Amino acid sequence: MEITGIFKYLYELLQSTGLPQVLVDIIALASAAVMIFGVLAVIALFLVWWERKVSAHIQQRFGPMRTGWHGWRQTIADAVKLLQKEDITPSTVDRPVFFWAPVIAFVAAFMVYVTIPFGDGLIVSDLNIGILFIIAITTFTIISLLMAGWGSNNKYALLGGMRSAAQVVSYEVPMVVSVLAVIVFAGSLSMVDIVQSQAKIYKWYFFRLPFGPIAFFTYIIAATAETNRTPFDLPEAEQELVAGFNVEYSGMKFAMFFLAEFVNMFTVSAIGATLFFGGWQGPLLPSWVWFLVKTFALVFVLMWFRWTYPRLRVDQLMEFSWKFLLPVSFANLILAGWMKYSGWFNW
Amino acid sequence: MMQYLALAAVLFAIGIFGVLTRRNAIGILMSLELMFNAANINLVTFNKYIQVPGIAENLTGQVFAIFVVVIAAAEAVVGLAIVLLLYRNWKGIDVDRINIMKW
Amino acid sequence: MSCNMVFALAAEKLAGNIEVPERAEYLRVIMLELNRIASHLIWFGTTSLDLGAITPFLYGFREREDILDLFEMTCGQRLTFNYIRVGGVAGDIPREFIPKCREFLGKFDAKVDDYERVLTENPIFVARNKDVGILTPEMAVAYGVSGPSLRASGVRFDLRKDDPYSIYDRFDFNIPAFHNGDCYDRYMVRIQEMRESAKIVRQAIDRIPDGEVRAKVSINFKPPAGEVYSRIENSRGEMGAYIQSIGEKKPLRVKLRGGSYNQLQVMPELVKGHKIADVVAIMASLDIIMPEVDR
Amino acid sequence: MIAGVFSQIGQSFQQLIGDVSSNPLFYLISFVLILSALMVVTLKNIFHSALFLILTLFSVAGIYILLHAEFLAAVQVLIYVGAVAILIIFAIMLTSQLTSKRIVQTNEQVTVALLICFGFLGTAFLSIPYTVWRIADVALPAENIFTLGKLLMTDYVLPFEVVSIVLLAALIGAVVLARREGS
Numbered sequence: 001m002e003i004t005g006i007f008k009y010l011y012e013l014l015q016s017t018g019l020p021q022v023l024v025d026i027i028a029l030a031s032a033a034v035m036i037f038g039v040l041a042v043i044a045l046f047l048v049w050w051e052r053k054v055s056a057h058i059q060q061r062f063g064p065m066r067t068g069w070h071g072w073r074q075t076i077a078d079a080v081k082l083l084q085k086e087d088i089t090p091s092t093v094d095r096p097v098f099f100w101a102p103v104i105a106f107v108a109a110f111m112v113y114v115t116i117p118f119g120d121g122l123i124v125s126d127l128n129i130g131i132l133f134i135i136a137i138t139t140f141t142i143i144s145l146l147m148a149g150w151g152s153n154n155k156y157a158l159l160g161g162m163r164s165a166a167q168v169v170s171y172e173v174p175m176v177v178s179v180l181a182v183i184v185f186a187g188s189l190s191m192v193d194i195v196q197s198q199a200k201i202y203k204w205y206f207f208r209l210p211f212g213p214i215a216f217f218t219y220i221i222a223a224t225a226e227t228n229r230t231p232f233d234l235p236e237a238e239q240e241l242v243a244g245f246n247v248e249y250s251g252m253k254f255a256m257f258f259l260a261e262f263v264n265m266f267t268v269s270a271i272g273a274t275l276f277f278g279g280w281q282g283p284l285l286p287s288w289v290w291f292l293v294k295t296f297a298l299v300f301v302l303m304w305f306r307w308t309y310p311r312l313r314v315d316q317l318m319e320f321s322w323k324f325l326l327p328v329s330f331a332n333l334i335l336a337g338w339m340k341y342s343g344w345f346n347w
Numbered sequence: 348m349m350q351y352l353a354l355a356a357v358l359f360a361i362g363i364f365g366v367l368t369r370r371n372a373i374g375i376l377m378s379l380e381l382m383f384n385a386a387n388i389n390l391v392t393f394n395k396y397i398q399v400p401g402i403a404e405n406l407t408g409q410v411f412a413i414f415v416v417v418i419a420a421a422e423a424v425v426g427l428a429i430v431l432l433l434y435r436n437w438k439g440i441d442v443d444r445i446n447i448m449k450w
Numbered sequence: 451m452s453c454n455m456v457f458a459l460a461a462e463k464l465a466g467n468i469e470v471p472e473r474a475e476y477l478r479v480i481m482l483e484l485n486r487i488a489s490h491l492i493w494f495g496t497t498s499l500d501l502g503a504i505t506p507f508l509y510g511f512r513e514r515e516d517i518l519d520l521f522e523m524t525c526g527q528r529l530t531f532n533y534i535r536v537g538g539v540a541g542d543i544p545r546e547f548i549p550k551c552r553e554f555l556g557k558f559d560a561k562v563d564d565y566e567r568v569l570t571e572n573p574i575f576v577a578r579n580k581d582v583g584i585l586t587p588e589m590a591v592a593y594g595v596s597g598p599s600l601r602a603s604g605v606r607f608d609l610r611k612d613d614p615y616s617i618y619d620r621f622d623f624n625i626p627a628f629h630n631g632d633c634y635d636r637y638m639v640r641i642q643e644m645r646e647s648a649k650i651v652r653q654a655i656d657r658i659p660d661g662e663v664r665a666k667v668s669i670n671f672k673p674p675a676g677e678v679y680s681r682i683e684n685s686r687g688e689m690g691a692y693i694q695s696i697g698e699k700k701p702l703r704v705k706l707r708g709g710s711y712n713q714l715q716v717m718p719e720l721v722k723g724h725k726i727a728d729v730v731a732i733m734a735s736l737d738i739i740m741p742e743v744d745r
Numbered sequence: 746m747i748a749g750v751f752s753q754i755g756q757s758f759q760q761l762i763g764d765v766s767s768n769p770l771f772y773l774i775s776f777v778l779i780l781s782a783l784m785v786v787t788l789k790n791i792f793h794s795a796l797f798l799i800l801t802l803f804s805v806a807g808i809y810i811l812l813h814a815e816f817l818a819a820v821q822v823l824i825y826v827g828a829v830a831i832l833i834i835f836a837i838m839l840t841s842q843l844t845s846k847r848i849v850q851t852n853e854q855v856t857v858a859l860l861i862c863f864g865f866l867g868t869a870f871l872s873i874p875y876t877v878w879r880i881a882d883v884a885l886p887a888e889n890i891f892t893l894g895k896l897l898m899t900d901y902v903l904p905f906e907v908v909s910i911v912l913l914a915a916l917i918g919a920v921v922l923a924r925r926e927g928s
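Residue numbers (our numbering), protein chains in the order written: chain E, 1 to 347; chain Y, 348 to 450; chain H, 451 to 745; chain P, 746 to 928.
Any given hint could turn out to be false.
Looking from chain Y toward chain P, a few residues come up when the C-beta cut is under 8 Å (computed) [to be verified]: (1) Leu354; (2) Ile361; (3) Met382; (4) Val391; (5) Ile418.
Heads up, simulated BS3-like pairs for lysine-lysine below, C-alpha to C-alpha not over 27 Å straight-line [as the list claims (entries may be wrong)]: (6) E:Lys323 - H:Lys725; (7) E:Lys53 - H:Lys561; (8) Y:Lys438 - E:Lys323; (9) H:Lys649 - H:Lys666; (10) H:Lys699 - H:Lys672; (11) H:Lys666 - H:Lys699; (12) E:Lys200 - E:Lys53; (13) H:Lys649 - H:Lys550; (14) H:Lys561 - H:Lys649; (15) H:Lys649 - E:Lys155; (16) H:Lys672 - E:Lys155; (17) Y:Lys438 - P:Lys789; (18) Y:Lys438 - H:Lys725; (19) E:Lys155 - P:Lys789; (20) E:Lys53 - H:Lys557; (21) H:Lys557 - H:Lys463; (22) E:Lys323 - H:Lys580; (23) H:Lys580 - H:Lys722; (24) P:Lys895 - E:Lys340.
These are calculated hints, taken from the structure and not from any lab test. Computed from a predicted structure; not experimentally measured. We put the beta carbon where it would ideally sit given N, CA and C, even for glycine.
Given only the sequences and the hints, what does the whole structure look like? Please build it.
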């Protein structure tokens, strides 16, 4: 059941109304944005619920059970509660910075989805700089963290913000380099091209030995750090920093950070699924189902990490990135280039 | 095309203003970045609008802009390292006070 | 439990003529060792929580729950146990205690293996704990650190062996000790102690005789004048009770000594040159309980 | 005579600005760009200046997209916003006591600086429309990125290598400079 046809039909319906082409495109883009926002909001809510369930089952308990089937209404109730809460702005904060930080985090988290293909043809815009666009936009997350840390005028928030900025900057390098290994093979930055180059399961970049798995593992480790999750959750280490950069936030603004965090988790998993596991490619089922299945599998891996590992120390975190992850991913990039050049696995 | 050049000129002028009036070394660095960007806008504009005879792959301007971006990054890194050093030694980064190189 | 015990021991020593029944001695040992396990389980949970791992915290509390169930069926309380009395214990254990306890012990070793699988070999855990907060044996002795923290530094000193009280000399168990004195060794000592304690409880359950559980001690008994100090090994080190009596019903002075105070004192030496995150790890590994510091 | 110069500047200014409705997106981005650039050089709070610098750099990326330089736009955001701006913010945080409102951020040369700026702007505005540009406006290669990559690896391979070495030198230099004595 492909749903691309529906969108095509709607688009033609819009064109047949006789509006000028510019207006038609604007309406189409706006409605696509609204739709993606809606889908992602639902996904984020689902992820919150799922994270609770996964953590509960890893810890041999049940998690929310009372409200609805296996507590599915719990997250919705929580979200509504969070939105209704009083939005406290402490008097000593740097008001404009304090206000814009969650907004930027939120917008950056959602803007990434312009170039992520949800399915065959289910993409807002297939830019020719696809993956580079995503990487560029995600850097705004760092800005928002720094703004939140600085704007809160609180030492824990500042330390948390600086820590996470340093961490995200450090881990961005190995992440980009491991992504580059795939780009070298795909020969394109466009997400759609990358997916189409992995039409068969043996063509998935994960199975292109030896560089594929290495690239994937460096990617997934760096992605865990990028999303500030355990074992790299230093920015919000409760035992050291209370709650990190968002310690002063409450109500709506906190909800925005929270939602952005879960959307980011979905984003890195979606990129991982697209780059290494063939994105929407798969037999029988419709393409978007395959995409969601693969992405949620990767999300589960991230949750699994979180509920298993203790936390690293700051210096160990940096050492791991610069002394281990970066050399490995660079060596892998050279290996991938050499493989491409010599024609190995060049199906 | 002229709009782009005018925009670049305005940006450059703002950069000059910043460099001349800021006391804070970091502020001067930021203004320098503005000037770099003004130059880059010019490069990319020329690349788009002006044909160089004999070159089929007309992307020289963009290539140069990339070089400028890289150099700007390098400049920022070294500049900020110097700023930190100044801060450590002078307990401040007011460039009006840091004048030992005058003599 | 151990506070009960040490006070009872001191009072019995002071009185001099109280004969504790055999069955009561066994029950005391069982309860003390179960309490040691429960205490180490809390330590295990909070340590992993302090290091950012949330799951082991719940694992530790899951097993502690079973022990608390055992305590509840014995003395009716889950937190402020008051079971050991001067001259024995408050009452006999219910009939279902022994099978329940056997069931718990049967699965406990596998659970400890579980904990070890989660943390012991975990590279992140090792990186956070190895060579962090090294407590040299000299420093440990000088500061009066006792218990597992002392044994992790390589001083194999345990009152259960070195100054046996109650009937500990009848059981076969080891005193685990390491030599680095870092956080990792303190962790390993406690993990192994849990296994050893389980071993002791198993032996005690197998050999427990029938009979009375409490010697006849008058409510109004007046011990002779004098002062006495008795000590036992509890989960955080040496637990001591000092009683000064003037031959009245009530003692003139009672002082209880816990292990945490000395372990807190040694903290400034250990954290020198470490990161804030290490302070959390060191504090966790020393198993400091703040209320006990304030004894 | 001065009036003549001004009227000439005015005329060429009109020519420069052109027709707003022809490319509304350009004017929107330019507006944001110039406004935020002005904020960068005038605001008292240096942290706010840095944030406006980010906005400026982002709008420059928008200008690049209008000029069909998508790769450059992505690079602009990635390097300027993701690295340079964050570096600047870090430097501001490390020298944090300088951001308090009491410290004067500008010096006494404001008038002189304004004169120089307007002198420059006048010259530029006068000269831009009177220069004969060999405007061709040919379409750029469709596969922009491929060509760019090829150029970097063929015609410009020497500058490319030199830039890499400069970057490496800057990296090492920064580490050496910022390192504390004796550590």
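Evaluation of the provided hints:
For the restraint placing leucine 354 of chain Y at the interface with chain P, the shortest Cβ-Cβ distance is roughly 5 Å, inside the 8 Å limit, so the hint holds. The interface hint given for isoleucine 361 of chain Y is met, as the beta carbon of that residue sits about 5 Å from the closest beta carbon of chain P, less than 8 Å. Hint on methionine 382 of chain Y is violated. Least Cβ distance to chain P is approximately 10 Å, over the 8 Å limit. Hint on valine 391 of chain Y holds. Least Cβ distance to chain P is approximately 5 Å, under the 8 Å limit.
Restraint check, isoleucine 418 of chain Y versus chain P: the minimum CB separation of about 7 Å is within 8 Å; hint holds. For a cut-off of 27 Å, the pair hint linking lysine 323 of chain E to lysine 725 of chain H stands: about 20 Å separates their Cα positions. With a C-alpha separation of about 23 Å, the suggested pair lysine 53 of chain E and lysine 561 of chain H falls inside the 27 Å cut-off, and the hint holds. Simply put, lysine 438 of chain Y and lysine 323 of chain E have alpha-carbon atoms about 33 Å apart, too far for the 27 Å limit, and the pair is violated.
In summary, the hint linking lysine 649 of chain H to lysine 666 of chain H is not supported, as the alpha carbons are separated by about 31 Å, beyond the 27 Å threshold. Restraint check for lysine 699 of chain H and lysine 672 of chain H: the C-alpha separation of about 5 Å stays at or below 27 Å, so the hint holds. Taken as a hint, the lysine 666 of chain H and lysine 699 of chain H pair is honoured in the structure, with Cα atoms around 16 Å apart against an allowance of 27 Å. With a C-alpha separation of about 33 Å, the suggested pairing of lysine 200 of chain E with lysine 53 of chain E is violated against the 27 Å cut-off.
With a CA separation close to 16 Å, the supplied pair lysine 649 of chain H and lysine 550 of chain H stays within the 27 Å bound. Taking the CA atoms of lysine 561 of chain H and lysine 649 of chain H, the gap is about 14 Å. The hint holds against a cut of 27 Å. Note on lysine 649 of chain H and lysine 155 of chain E: the hinted pairing is violated, with a Cα-Cα distance of about 49 Å set against a maximum of 27 Å. Between lysine 672 of chain H and lysine 155 of chain E the CA atoms are separated by roughly 60 Å; this puts the pair beyond 27 Å, and the hint is violated.
As the CA atoms of lysine 438 of chain Y and lysine 789 of chain P are separated by approximately 20 Å, the hinted pair is consistent with the 27 Å bound. The suggested pairing of lysine 438 of chain Y with lysine 725 of chain H holds, with an alpha-carbon distance near 26 Å, which does not exceed 27 Å. The hinted pair formed by lysine 155 of chain E and lysine 789 of chain P meets the criterion: a straight-line CA distance of about 22 Å does not exceed 27 Å. For the hint linking lysine 53 of chain E to lysine 557 of chain H, the alpha-carbon distance of about 26 Å falls within 27 Å, and the restraint holds.
Restraint check for lysine 557 of chain H and lysine 463 of chain H: the C-alpha separation of about 38 Å exceeds 27 Å, so the hint is violated. Distance hint between lysine 323 of chain E and lysine 580 of chain H is fulfilled; the C-alpha atoms sit about 20 Å from each other, no more than 27 Å. The straight-line distance between the Cα atoms of lysine 580 of chain H and lysine 722 of chain H is roughly 16 Å, inside the 27 Å bound, and the hint therefore holds. Taken as a hint, the lysine 895 of chain P and lysine 340 of chain E pair is honoured in the structure, with Cα atoms around 16 Å apart against an allowance of 27 Å.
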